[in-house]
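Colleague: For reference, the chains in residue letters:
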Amino acid sequence: WPEARGRPSCSDGGAWGRRRREREAQEAQEARRPRARTTMGSRYDSRTTVFSPEGRLFQVEYALLAIEQAGACVGVLAKDGVVIAAEKKTTSKLLAPPKTSEKLYMIDDHVACAVAGLTSDANVLISYLRRVAHNYKLQYQEPQPLEQLIQRVCDLKQGYTQFGGQRPFGVSFLYAGWDRHYGFQLYQSNPSGNYGGWKATAIGPNNQAASSLLKKEYKDECSIEEALKLSVKVLNKTMDSVTPTPDNMEFSVLRMNEETKKLVQHKMSNEEVQALLDELKQEEEEEKAREEAKAAK
Amino acid sequence: SGPSDSSSGEGSRARRAVERPGRHKQQGGRRRGAMSILEYNGSALVAMTGKNCVAIASDTRFGAQQLTIGTNMKRVFKMNDKTLLGLSGLASDVMTVSQKLRLQTDMYKLQEEREMKPSVFNNMLSSFLYARRFGPYFVEPLVAGLEGPENKPFIAGQDLLGASVFTDDFVVCGTSEQELFGTCESFYKPNLGPDELFETIAQCMLAAVDRDCLAGWGGVVHILTPTKYIVKELKGRHD
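Top line first, the protein sequences correspond to chains U and A.
Position 228, counted from 1, in the first sequence is what our numbering calls 228; the numbers after and before it change by one each time, with no gaps.
Convert by adding 297 to the 1-based position in the second sequence; the result is the number in our numbering.
Hints are supplied without guarantee of correctness; some may be wrong.
To be verified - Computed cross-link-like contacts, DSSO-like style, restricted to lysine-lysine with a CA-CA straight-line distance of at most 27 Å:
#  : chain 1 : residue 1 : chain 2 : residue 2
1  : U       : K89       : U       : K233
2  : A       : K525      : A       : K414
3  : U       : K229      : U       : K267
4  : A       : K532      : U       : K262
5  : A       : K375      : A       : K397
6  : U       : K137      : U       : K262
7  : A       : K375      : A       : K532
8  : U       : K216      : U       : K99
9  : U       : K219      : U       : K281
10 : U       : K199      : U       : K216
11 : A       : K371      : U       : K99
12 : A       : K486      : U       : K262
13 : A       : K406      : U       : K88
14 : U       : K216      : U       : K288
15 : A       : K532      : U       : K137
16 : A       : K348      : A       : K397
17 : A       : K348      : U       : K261
18 : A       : K529      : U       : K262
19 : U       : K89       : A       : K414
20 : A       : K449      : U       : K261
21 : U       : K267      : A       : K486
22 : U       : K137      : A       : K371
23 : A       : K375      : A       : K486
24 : A       : K529      : A       : K449
25 : U       : K216      : A       : K375
26 : A       : K397      : U       : K261
27 : U       : K267      : A       : K449
28 : U       : K216      : A       : K486
29 : U       : K262      : A       : K406
30 : A       : K486      : U       : K261
31 : U       : K267      : A       : K371
32 : A       : K375      : U       : K267
33 : U       : K137      : U       : K93
34 : A       : K375      : A       : K449
35 : U       : K262      : A       : K449
To be verified - Incomplete in silico selection of chain A near chain U, CB under 7 Å:
#  : residue
36 : M392
37 : T402
38 : M404
These are computed hints drawn from the structure, not numbers from a lab.
Note that beta-carbon positions come from the ideal geometry of N, C-alpha and C, so glycine has one too.
Required output: the full structure, derived from the provided sequences and hints.
Modeller: Structural data, given as structure tokens:
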């Protein structure tokens with residue numbers, strides 16, 4: 001205890017004693033100050049390692065709020081592949097065009113992921129994911145099963161919600177991958193360290209609206225083309241900008257090449273994205289024309 | 298020169314006070330031939346440069362001293378589209394080193410979003426081997442590749458501690474090193490096209506391993522050009 005450790009020769013207990021007295025004085029002062037009532041948190045939100053009286057972990061919830069500020073991501077599982085799409089938030093025209101994507105990353109030959117949230121936090125986790133996946137491949141000479149990899153990174157994220165006193169990672173991920181046990185899979189993970197397997201899901205801003213649209217329109221065992229169309233439609237709805245362009249959307253498709261029987265991760269080029277957008281626009285116009293014709297009758 | 302049953306084996310030898318003169322040291326009745334750990338499995342590798350192409354040839358024997366166990370041993374590995382790695386020496390370390398280096402090249406590609414150049418790969422391999430200076434991997438590698446946007450042919454060889462040697466014609470390693478030096482010096486010509494390079498390197502390999510009991514039992518040639526990667530199997534003497 002500080003009293004014991006303080007130098008006995010000093011009358012006031014040395015540096016330890018001084019610090020303890022300062023802390024006590026500050027706490028007494030704070031107790032006297034009228035505390036402003038906040039909508040949530042107040043005394044239970046500054047540390048990750050405490051529950052609130054309602055049983056909430058506020059730091060985790062605040063991390064989820066941080067992700068609402070980032071670009072949205074949508075993932076759709078098809079019968080023969082997985083599609084993940086991301087909205088690129090262009091912050092400034094002055095920003096040099098990035099050589100690498102800020103949203104879509106490859107982890108290994110059989111896993112890709114989309115990021116929503118703090119890019120710096122994402123970079124740390126992506127390095128970790130890559131190391132884990134490659135070390136598994138070195139040891140077992142086969143690609144790591146997807147769920148195992150996600151469990152590893154989620155265990156890491158959970159640690160930051162229980163001990164250490166460090167804030168959680170402010171990133172949610174969508175993982176698209178394939179393994180020989182369960183075929184093509186789509187997963188989502190968030191700062192709490194929870195993860196789930198999905199047929200179609202969205203993360204980031206407006207993800208509730210995106211999820212409800214996906215629930216309505218998703219068909220089981222759809223093809224990759226249908227999955228692409230659905231993800232374009234959903235991403236359009238969640239994006240703020242009025243006219244969607246290939247510059248602020250990215251698509252990555254994971255599929256098995258028929259001839260070589262090898263997994264291929266294909267990031268769609270601007271022309272391919274434009275073609276998708278044109279197709280979507282055409283369908284919307286046709287739909288509108290049909291509605292008008294029906295209303296006119 | 299002595300019965301190979303257990304009565305004159307290791308146990309009874311320990312009891313004998315004096316070794317009978319003129320008698321070779323025996324272990325289970327068979328004379329230990331190659332002493333070096335690098336010669337335990339047997340291998341032969343050669344890398345050559347051509348005009349805008351490189352090739353690595355290797356034998357495919359996998360043996361335990363004089364006993365041949367396998368005839369399909371893989372010693373040449375494609376690390377990326379521009380780099381080939383050939384490893385001679387202890388088979389276990391050949392597998393381990395190639396797998397660990399594959400991890401490094403894959404991680405490099407993900408992090409830097411470009412492929413590792415052959416000269417960079419060579420340096421990485423050198424550091425990797427020297428890191429085990431006092432307990433080394435028993436391999437002697439060859440690196441061959443096409444360097445840079447002009448696809449300049451690059452070859453290098455190293456010893457087990459990572460000391461590199463750079464040449465512009467050919468590098469050899471393995472138990473048939475001396476024989477390969479001889480055949481390559483005689484047959485090599487600069488600026489050969491991919492097909493001629495294949496012929497040359499194949500003849501060098503086959504002629505050399507016929508003089509080495511620890512290498513041979515088939516061969517394979519990997520040819521790397523800016524547009525193609527070709528693997529051809531060689532038919533040689535199976536003995």
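Colleague: With reference to the structure, classify each hint as holding or not holding.
Modeller: A quick look at each hint next to the structure:
1. K89(U) / K233(U): holds (18 Å)
2. K525(A) / K414(A): holds (17 Å)
3. K229(U) / K267(U): Holds: K229(U) and K267(U) sit about 15 Å apart, inside 27 Å.
4. K532(A) / K262(U): Violated, at roughly 30 Å.
5. K375(A) / K397(A): holds (13 Å)
6. K137(U) / K262(U): holds (17 Å)
7. K375(A) / K532(A): The given pair, whose Cα atoms are some 22 Å apart, holds under the 27 Å limit.
8. K216(U) / K99(U): Judged against 27 Å, a Cα distance of about 37 Å means the pair is violated.
9. K219(U) / K281(U): holds (21 Å)
10. K199(U) / K216(U): holds (13 Å)
11. K371(A) / K99(U): violated (37 Å)
12. K486(A) / K262(U): Violated: K486(A) and K262(U) sit about 39 Å apart, past 27 Å.
13. K406(A) / K88(U): The hint holds at about 23 Å.
14. K216(U) / K288(U): Satisfied, since the Cα-Cα distance of roughly 19 Å is no more than 27 Å.
15. K532(A) / K137(U): Distance of about 34 Å is beyond 27 Å: violated.
16. K348(A) / K397(A): violated (31 Å)
17. K348(A) / K261(U): violated (34 Å)
18. K529(A) / K262(U): The hint holds at about 22 Å.
19. K89(U) / K414(A): Violated, at about 34 Å.
20. K449(A) / K261(U): Judged against 27 Å, a Cα distance of about 33 Å means the pair is violated.
21. K267(U) / K486(A): violated (44 Å)
22. K137(U) / K371(A): Judged against 27 Å, a Cα distance of about 19 Å means the pair holds.
23. K375(A) / K486(A): holds (25 Å)
24. K529(A) / K449(A): Satisfied, since the Cα-Cα distance of roughly 22 Å is no more than 27 Å.
25. K216(U) / K375(A): Violated - the C-alpha atoms of K375(A) and K216(U) are around 48 Å apart, more than 27 Å.
26. K397(A) / K261(U): holds (25 Å)
27. K267(U) / K449(A): With Cα atoms ~30 Å apart, K267(U) and K449(A) exceed 27 Å; violated.
28. K216(U) / K486(A): Cα-Cα ~70 Å, so violated.
29. K262(U) / K406(A): This hinted pair holds, its Cα atoms lying about 19 Å apart.
30. K486(A) / K261(U): violated (40 Å)
31. K267(U) / K371(A): violated (33 Å)
32. K375(A) / K267(U): The hint holds at about 25 Å.
33. K137(U) / K93(U): violated (41 Å)
34. K375(A) / K449(A): Roughly 17 Å between the alpha carbons, so the hint for K375(A) and K449(A) holds.
35. K262(U) / K449(A): Roughly 30 Å separates the two Cα atoms, so the pair is violated.
36. M392: violated (9 Å)
37. T402: violated (10 Å)
38. M404: holds (6 Å)
Of the numbered hints listed earlier, those contradicted by the structure are 4, 8, 11, 12, 15, 16, 17, 19, 20, 21, 25, 27, 28, 30, 31, 33, 35, 36, 37.
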